[in-house]
Amino acid sequence: MLDSKEVTSILLISIILAFIISLMKTTQLFFQILLFVFLVIIVNIIAKKITSYYLDSEVKIKIWEVYHIGFRPWMHFKKPFAIGAFLPVIFKFLSVGYLNWMACLVFDVKPKIYRAAKRHGLYAFSEMTEAHIGKIAAAGIFANLIFALVGYLTGFSEFAKLSIFYVAFNMIPLSDLDGNKIFFGNIIQWSLLAAITFVALGYALLLI
Amino acid sequence: MKNNFLNKKKTTAIFAVLALIAGFVFFGKNLTGNLILNNQYSFNWISLIALSLIGCAIILGAYSIKKE
Chain A
1 MLDSKEVTSI LLISIILAFI ISLMKTTQLF FQILLFVFLV IIVNIIAKKI
51 TSYYLDSEVK IKIWEVYHIG FRPWMHFKKP FAIGAFLPVI FKFLSVGYLN
101 WMACLVFDVK PKIYRAAKRH GLYAFSEMTE AHIGKIAAAG IFANLIFALV
151 GYLTGFSEFA KLSIFYVAFN MIPLSDLDGN KIFFGNIIQW SLLAAITFVA
201 LGYALLLI
Chain B
1 MKNNFLNKKK TTAIFAVLAL IAGFVFFGKN LTGNLILNNQ YSFNWISLIA
51 LSLIGCAIIL GAYSIKKE
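Taken in order, these protein sequences are the chains called A and B. Sequence positions in the first sequence follow this note's numbering and run 1 to 208. Sequence positions in the second sequence follow this note's numbering and run 1 to 68.
Everything labelled a hint here was simulated from the structure, so no lab data went into it. Treat each hint with caution, since some may be false.
[Said to hold, decoys possible] As a list, the in silico SDA-like pairs of lysine to any residue whose alpha-carbon atoms are at most 20 angstroms apart:
| # | chain 1 | residue 1 | chain 2 | residue 2 |
| --- | --- | --- | --- | --- |
| 1 | B | K9 | A | K161 |
| 2 | B | K8 | A | N186 |
| 3 | A | K62 | B | K8 |
| 4 | A | K161 | B | K8 |
[Unchecked claim] Here are some chain A residues pointing at chain B (derived, C-beta under 8 angstroms):
| # | residue |
| --- | --- |
| 5 | I50 |
| 6 | Y54 |
| 7 | L94 |
| 8 | V96 |
| 9 | I187 |
| 10 | I188 |
| 11 | S191 |
| 12 | A194 |
| 13 | A195 |
| 14 | V199 |
| 15 | L201 |
| 16 | A204 |
Fair warning: this is a prediction, and the values are worked out from it, not measured in the lab. All residues carry an ideal CB built from backbone N, CA and C; glycine is no exception.
Whenever a hint applies, use it, and build me the whole structure from the sequences.
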């Protein structure tokens, strides 16, 4: 289900986020945040993996990487830069400890060999469509929102807050993030999820 | 995709109204009325969220009233 590269990426990002959020105030707080962040990421990934299975494709999780830095062809790094591992640290410093950037993991979708043999709608596609990639990304976001609600109702308000922040940052339609995939897959679906996310985020900032 | 209940116009219309109401509620949280001596930078994350919610409501509303 998860290969070693994916597991390494998830663990690395969980540790970075836990370190950034807790700022190592106490060891207990660090491990508590680490567990919550890990659970949030795992919920998101499992939802995506299940959805991709039903859409005859395979999802590979990786750290968010940036290659191009401009519109011109020569404006790029020599190698893809793992911005997902550095952005939380940069944001923490720039916002003087106020903002915790949490969108660090992205995914690649590969269609399975027998996908062309099955019909999806009117036409048979061997390649993944934008709509299907958007659906996979939306499943992860939706699962996190459901778990945030469950966490809040069962008294794990910190878990709920982290879930909502994770979703809010991932919903930004930028680069390779989930928000961009949903946005270009189906803008109505993005608007619906964004509306739910913003309400949850406002609630989390004001009340939780 | 079109059969998805999230894409039905009734659903999007309901969410548009809810997003609009939530947007105005969040905007209202920043209206204290005590502005005379307030010389601080007035940017607030809640205002940004409220603005984004109204943006989402506009997109959903436009889709809901659009003819096929």
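Results of checking the hints against the structure:
1. B:K9 / A:K161: Judged against 20 angstroms, a Cα distance of about 31 angstroms means the pair is violated.
2. B:K8 / A:N186: Judged against 20 angstroms, a Cα distance of about 13 angstroms means the pair holds.
3. A:K62 / B:K8: violated, 34 angstroms
4. A:K161 / B:K8: violated, 30 angstroms
5. I50: With a closest approach of 17 angstroms, the I50 of chain A hint is violated.
6. Y54: Constraint on Y54 of chain A not satisfied, violated at 14 angstroms.
7. L94: violated, 15 angstroms
8. V96: violated, 14 angstroms
9. I187: holds, 7 angstroms
10. I188: Since the shortest Cβ distance to chain B is 5 angstroms, the answer is holds.
11. S191: At about 4 angstroms, which falls below the 8 angstroms cut-off, the nearest Cβ of chain B leaves the hint on S191 of chain A intact, so it holds.
12. A194: holds, 5 angstroms
13. A195: holds, 4 angstroms
14. V199: holds, 5 angstroms
15. L201: holds, 6 angstroms
16. A204: violated, 10 angstroms
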